[in-house]
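Produce the entire structure from the sequences given, and follow the hints as far as they go.
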Amino acid sequence: MRQKVAWLLLAPNLGLLFFAMLGPLALLARISLKGYESGHGIVETWQLSNYSKFLFDPFYREVLWGTLLLGAEVTVVCLVLGFPLAHALSQSRGWKRSTLYFCILMPLLTSTVVRTFGWMILLANNGFINRTLTALHFIHAPLRLMYNRTGVVIALAEVLLPFMVLALDTALLNISTSIYEAARNLGASSVRIFLRITLPLSLPGIVSGCVLVFTGALSAFVTPTLIAGARVKVMSTLIYQQAMMLLDWPFGAAVAFIMLVTILLLFGASMRLSEQRREA
Amino acid sequence: MKRALWLLNGLVLLYLLAPIIVVIATSFGTTAYPVFPPQGFTLKWFVNFWSTPELRESLRISAAISTTSTTLATVIGTFSALALARTRLRGKTVLSAVLLSPILFPAIVLALALLIAFQRVGLAQTFPGLVLAHVLLTTPFVVRLVMASAAEFDPSLEEAAQNLGAGWWRIFARITLPLILPGILAGAVFAFIMSFDELVVTLLLSGPALQTLPIRIFNYVQYSSDPTISAISTCLIVAWLIVGIPAYARLMSVRHQGGA
Amino acid sequence: MAYLVLRNLTKTYGHTAVVHGLDLSVDAGEFVSLLGPSGCGKTTILRMIAGFVTATAGEVWIKDRNVTQLPPNRRNVGLVFQNYALFPHMTARANIEFGLKSHHVNAADMSERVGTVLGLVGLSSYVNRYPRELSGGQQQRVALARVLALKPDLLLFDEPLSNLDAKLRVQMRQEIRRVQREVGVTALFVTHDQEEAMTMADRIVVLEHGRIGQVGSPAEVYDRPRTRFVADFIGTSNFFEGGVMPAGNCHIFRCNSGLEFEVDSKLADLNASTVSVRPEKIEFVSPGTPRSFPGVVQEVTQLGPTVEYLVILDSGDRVVMEEQKRPRTAHRQVGDAVSITWHSTDTVFLQS
Chain A
1388 MRQKVAWLLL
1398 APNLGLLFFA
1408 MLGPLALLAR
1418 ISLKGYESGH
1428 GIVETWQLSN
1438 YSKFLFDPFY
1448 REVLWGTLLL
1458 GAEVTVVCLV
1468 LGFPLAHALS
1478 QSRGWKRSTL
1488 YFCILMPLLT
1498 STVVRTFGWM
1508 ILLANNGFIN
1518 RTLTALHFIH
1528 APLRLMYNRT
1538 GVVIALAEVL
1548 LPFMVLALDT
1558 ALLNISTSIY
1568 EAARNLGASS
1578 VRIFLRITLP
1588 LSLPGIVSGC
1598 VLVFTGALSA
1608 FVTPTLIAGA
1618 RVKVMSTLIY
1628 QQAMMLLDWP
1638 FGAAVAFIML
1648 VTILLLFGAS
1658 MRLSEQRREA
Chain B
-7 MKRALWLLNG
3 LVLLYLLAPI
13 IVVIATSFGT
23 TAYPVFPPQG
33 FTLKWFVNFW
43 STPELRESLR
53 ISAAISTTST
63 TLATVIGTFS
73 ALALARTRLR
83 GKTVLSAVLL
93 SPILFPAIVL
103 ALALLIAFQR
113 VGLAQTFPGL
123 VLAHVLLTTP
133 FVVRLVMASA
143 AEFDPSLEEA
153 AQNLGAGWWR
163 IFARITLPLI
173 LPGILAGAVF
183 AFIMSFDELV
193 VTLLLSGPAL
203 QTLPIRIFNY
213 VQYSSDPTIS
223 AISTCLIVAW
233 LIVGIPAYAR
243 LMSVRHQGGA
Chain C
659 MAYLVLRNLT
669 KTYGHTAVVH
679 GLDLSVDAGE
689 FVSLLGPSGC
699 GKTTILRMIA
709 GFVTATAGEV
719 WIKDRNVTQL
729 PPNRRNVGLV
739 FQNYALFPHM
749 TARANIEFGL
759 KSHHVNAADM
769 SERVGTVLGL
779 VGLSSYVNRY
789 PRELSGGQQQ
799 RVALARVLAL
809 KPDLLLFDEP
819 LSNLDAKLRV
829 QMRQEIRRVQ
839 REVGVTALFV
849 THDQEEAMTM
859 ADRIVVLEHG
869 RIGQVGSPAE
879 VYDRPRTRFV
889 ADFIGTSNFF
899 EGGVMPAGNC
909 HIFRCNSGLE
919 FEVDSKLADL
929 NASTVSVRPE
939 KIEFVSPGTP
949 RSFPGVVQEV
959 TQLGPTVEYL
969 VILDSGDRVV
979 MEEQKRPRTA
989 HRQVGDAVSI
999 TWHSTDTVFL
1009 QS
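Protein chains in written order, with the working numbering: chain A, 1388 to 1667; chain B, -7 to 252; chain C, 659 to 1010.
If you are wondering where the hints come from, they were derived from the structure by calculation, not from laboratory data. Any given hint could turn out to be false.
With a Cα cut of at most 25 Å, we get these calculated BS3-like pairs of lysine-lysine [to be verified]: (1) -6(B) - 1483(A); (2) 1391(A) - 84(B); (3) 939(C) - 924(C).
In this text, all values refer to a predicted model and were calculated from it rather than measured experimentally.
Encoded structure:
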């Protein structure tokens, strides 16, 4: 295909990205440096106060740490629950693998709102989980799973689990079975094989899975809003609040930009890591 | 040890599918609020969904937005994928990373950026504005899936066609298109589903006249608990399964057949 | 002008020249093989003729027509690909009809031609099969039929037999040659397999690093290689370095090792520093025979119908010789002291 034709074909897409993505993001950056006065609207001055407000004001600091902590918790849960499942997936073949793969992929076809709604039903004080645990005499009073961080972690981890499993599966598939056979042949126990072979060799997958889940948790909006509402403050709900209710676009934009930069840095770091490993 | 792992994996799978099972189950229960496990069996919530004008209107709006944006995304995405797969452009990797980049950005960030930009040009709370946003968000999926299809098929097929005297139109229509069709279909299906279910960006860019179905569900769910929502959700789940499985299967089968 | 003429055909990528000013003439109905190791430019030359690679310089003339600037879909040359390139979503018939439709052949002629070419390659009953239902050899034959249906001026083969197993390859060689003769179309066959080139071609073009090493019939190229590369690439050769000297009314070649042998005066090239002798031209003789050289057998290799010996001559030269197994005659053993010789006309002078 001639170069001219190729560029012509790419033009609509590139135009779309320029006008509908780059442009708006540039405007976002610009507005984050403006001021805002309630009742007056956006003030045409240049200032970094929005950023310093978010990063240094104790109230907003809490939001930042809260979001990062949420991300970390969700990532750990996904890693612990996802690794055995991914391992089983990577070992299976044929129709077993297809079915398993489909079961893991299928939740991604359902919208987050729908899945979170399901969790709202499950996590309620008289929801299925509490009623079952009470009936089995594991607890006496219902666990508070809604409107707090715990509920958000449970629901968000489920929403993001497929990404972890699929990332791990890809990495695990790269380890050829003959390596395991060689280890067995040399007398290693299952635990030893897991610690010295499986874990180190699947590290790239672990890293990429963690980055995917962590960034997904950082930017999550639907699940924290529906499960915990105003009780658990994360960056995305803060941005929404500022943008739609308080109309302080400059501040909202600053927070949004901080989130964006954090996430892009994480992606960049993980890509650099995987490149380095490939060269090594 | 192995058995314990299988049990654990079974539980994790259950955990993964739990909310979907709950939603589907509660859409048939007779109680006035969703209860799991459901009591009784009824289809009244589905009837309720269909007979509520606002919900039908939201369905119509969502369908309109998604159909329009999917058509555009499929065309734009297919063109890009073909350009990338068939040329030795310099900076091809950079280009493909750029084209796939919208997926990387957090939805809330894009949502706010688009709100600010659209407000300036009068696109906020408009149908074209929403379509534009949806096209931006879903085109990368089309590009990805069509590229996968295009990459799998042997470039010497197009050379053979040229050698046999075919002009570029005949080559595209008879050789290229049929062979990348599975990718295009999968891309279109995926784009449609992503667009229909899209919430965050749509939430910030829509107005009272453009309440899509996900927005209605989102708002409803925060203030009331009604099995009608379960019914709507079940319809969506089933619809996506019916449409998604064949597209997925077709894409997988071509992978096994290979290009030549 | 000859049927196919390549004039100063050159291809450079950046600063690297892959094909250096190639000149070649091919006559109508000839079957010519482009032979060489990978990277010698043979495929590039073929693709320049087909139009998929634009020549940096030079021209391609077919039937007195300069086709160099024509796009690949206008040259009327048929290209048979290494991996067949059959359209997987079309039956054999549809594959063949594709080209015919592109040439606007009408429906009646179309089905007649499909029948004819499939009959030519012996696959008439496979007309509605899909490529995945055909074996490798059958696919290759459909690919051939597909280009033949268009009655091309030239048939180009790009290492078409590399993906087939050995027995099938031999069978297909004969098939291709038979079909080519029957149709009478001029053909250019690219391969790295010298046996293929030797058994199929009327003439062989031996290529080395984008340049022609030698053009000639298989016999010429084998018996009278022009350069060291050709002598080494085709078959096996024994090389001797040294120089020619006149000696009375004949000439001798004195090797750097000290070994001397008489050479045919008519063939002698006084400038040559290398000569080669084919292993099968060397024979054992009784010790003391005039113009023979003593040595010791170091290795014996059974090749099936022949035996290969590595003999170290007293002069230090290593000589490989090949001998047909003869009935009721035992072969030599490792360690045997022997004498060898060869006919002076079998010493080939190589150009540097």
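Do the hints match the structure? See the list:
| no. | hint | result |
| --- | --- | --- |
| 1 | -6(B) - 1483(A) | holds (17 Å) |
| 2 | 1391(A) - 84(B) | holds (14 Å) |
| 3 | 939(C) - 924(C) | holds (19 Å) |
Of the numbered hints stated above, none is contradicted by the structure.
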